[in-house]
Amino acid sequence: MGKQYETVIGLEVHVELATRTKIFCGCSTAFGGAPNTHTCPVCMGMPGSLPVLNRKVLEYAVLVGLASNCEITRYCKFDRKNYFYPDNPQNYQISQLYLPVCQNGYVEIETEDGSKRVGIHEIHMEEDAGKLIHDTWEDCTLIDYNRSGVPLIEIVSEPDMRNAQEVIAYLEKLRLLISYLGASDCKLQEGSMRADVNLSVREAGTQKLGTRTEMKNLNSFKAITRAIEGEQQRQIDLLEAGEPIVQETRRWDDANDCSYAMRFKEDAQDYRYFPDPDLPPVRISEEWLERMRAALPEFRREKMERFRREYGLPDYDLQIITQSAHLADLFEETTALCKEPKKVSNWLMGEMLRLLREREKDPADIIISPAHLAALILMKDKGEINGAAAKEVFEAMFDEDVDPHSYVEEKGMKVEADTDALREVLGQVVAAHPKSVADYRNGKEKAIGFLVGQTMKVMKGKADPGAVKEMLRELLQKES
Amino acid sequence: MAHSITDETIEYVGILAQLELSPEEKKQARQDMGRMLDYIDQLKELDTEGVEPLSHVLSVENVMREDVVTNGDMREALLANAPEEKDGMFTAPRTFG
Ligand SMILES: [Zn+2]
Chain L
1 MGKQYETVIG LEVHVELATR TKIFCGCSTA FGGAPNTHTC PVCMGMPGSL
51 PVLNRKVLEY AVLVGLASNC EITRYCKFDR KNYFYPDNPQ NYQISQLYLP
101 VCQNGYVEIE TEDGSKRVGI HEIHMEEDAG KLIHDTWEDC TLIDYNRSGV
151 PLIEIVSEPD MRNAQEVIAY LEKLRLLISY LGASDCKLQE GSMRADVNLS
201 VREAGTQKLG TRTEMKNLNS FKAITRAIEG EQQRQIDLLE AGEPIVQETR
251 RWDDANDCSY AMRFKEDAQD YRYFPDPDLP PVRISEEWLE RMRAALPEFR
301 REKMERFRRE YGLPDYDLQI ITQSAHLADL FEETTALCKE PKKVSNWLMG
351 EMLRLLRERE KDPADIIISP AHLAALILMK DKGEINGAAA KEVFEAMFDE
401 DVDPHSYVEE KGMKVEADTD ALREVLGQVV AAHPKSVADY RNGKEKAIGF
451 LVGQTMKVMK GKADPGAVKE MLRELLQKES
Chain Z
1 MAHSITDETI EYVGILAQLE LSPEEKKQAR QDMGRMLDYI DQLKELDTEG
51 VEPLSHVLSV ENVMREDVVT NGDMREALLA NAPEEKDGMF TAPRTFG
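Protein sequence lines, in the order shown, are assigned to chains L and Z. The opening position of the first sequence corresponds to residue 1 in our numbering, with each subsequent residue numbered one higher. The opening position of the second sequence corresponds to residue 1 in our numbering, with each subsequent residue numbered one higher.
Heads up, some of the hints might be wrong.
Estimated spans, in silico, between C-beta atoms of each pair [as the list claims (entries may be wrong)]:
| # | chain 1 | residue 1 | chain 2 | residue 2 | range |
| --- | --- | --- | --- | --- | --- |
| 1 | Z | ALA77 | L | GLU305 | 50 to 58 Å |
| 2 | Z | THR48 | L | GLY119 | 32 to 40 Å |
| 3 | L | ASP254 | Z | GLU25 | 44 to 52 Å |
| 4 | L | SER220 | Z | THR9 | 38 to 46 Å |
| 5 | Z | VAL68 | L | ILE133 | 26 to 34 Å |
| 6 | Z | ARG94 | L | ASP254 | 18 to 26 Å |
Rather than coming from a laboratory, the hints here were simulated on the basis of the structure. Using N, Cα and C, we set each Cβ at its ideal position, and we do this for glycine too.
From just these sequences and the hints, can you work out the full model?
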């Protein structure tokens, strides 16, 4: 029987804040601009330029701190972290080392053994770096500074997690809190949320922490889980073989499902922090902090309770709809318009989730407007379109938020209800399938299904199958 | 001079600052740094009991801006400072392994 090991994990999570402008200058943070078109002397680190803090960054950082039970540092300031790399035009990153804005918090996560607290050591504000692109043609590096100076918060947890499931639960919890605050959309794939995993193993029952490694470049929950499992095994194997674990940074290679040590230039980790003399300190008053506390939104638990009370939704629906603030808002605003909470919920849980999965999108990406969704639900209720058509319209709304009325009009999807055209088709179908008609009349109920199908085919789906069935019954009775 | 700086220290500081120093420059830098540390020692003699560390020379706090886009596209002017550019980007020696 081998030794038992315990894995100890702490996370450093970077979250890109949803501000319009960068942390220290009035450049746009919008995605998709041509290279270097969202830059200025400040975010390019030109000598003599002066950074000025974006008030919204401080607000978001404090809100995240309050939502994660942190103490807010009433007198905080910025420091320079010095390193040379072309993604960093100033040769230092403005960050917070000595007096980070939030400290000593925690979030509750649900685990197999019940709920558990994960401590938050600190949250600090800092700036993002530029993007490096390798040019194979000229064998050089090209630099785009559009992301340089985009505001980040770094949330540093205590080493309180013991396995990948707890790490995922912790990240989900942060994502939920932060997206409910509107402070970020927290997308791992797109890099608006990035997690670095600090992991060490120790013999079960011992207290002393083992040597840890840091893993970077984990941009999906799957990669995080695989990387944690791989790294804990790698460390256990080293210990079992009596070999030392080297404190190092390892880069996760998702394609090859393994991590490898990143080589740094000698001593490059000595950041020589010092207070940034360009940025005056920030003093947070009790009044301002009170305003921030009052601005905290309704979080998931309260929202679920209220939705249960006000709309009578079942638990299953509540779980799904409140997993994203955006989805919850869409539910509530649509319901206000069409007064059909359960139908709205069904659309969100059914087609919406299906399309999100199929298109590999996040609830935060949903562009369907409440007015359009409400209109679609009412159209279907009134029998103006059938179920299949409604799904098709929904998909168009999912992709482009089309107006369902004009879309149905344009595509000629309106159901032909009891019109001459429909009656004519019914007559043709009955005449063309005497055997099915005879079968039906001889008591074969199923035969009518075939006739409905034939009618729908001729109508190219623009009829309500239920109504067609009724009309067929009537027709066949009359003629018998 | 109370402080003497070792060659290793100069080497290390040089690497951090990305400087390549000639033997003469290293000697000069060693002397300069020694004097700086002597001066720091002198400062340490002062009684600073109860004095808050100073991180900013002006007594201002809470200088902030609103979250409003004020800058447009200045790429051309900014790239004019670059020794080399390509496709609207700065070029640098390759950094990828
Ligand atoms: Zn800028």
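Please flag the earlier hints that this structure goes against, numbers listed from lowest up.
-> none
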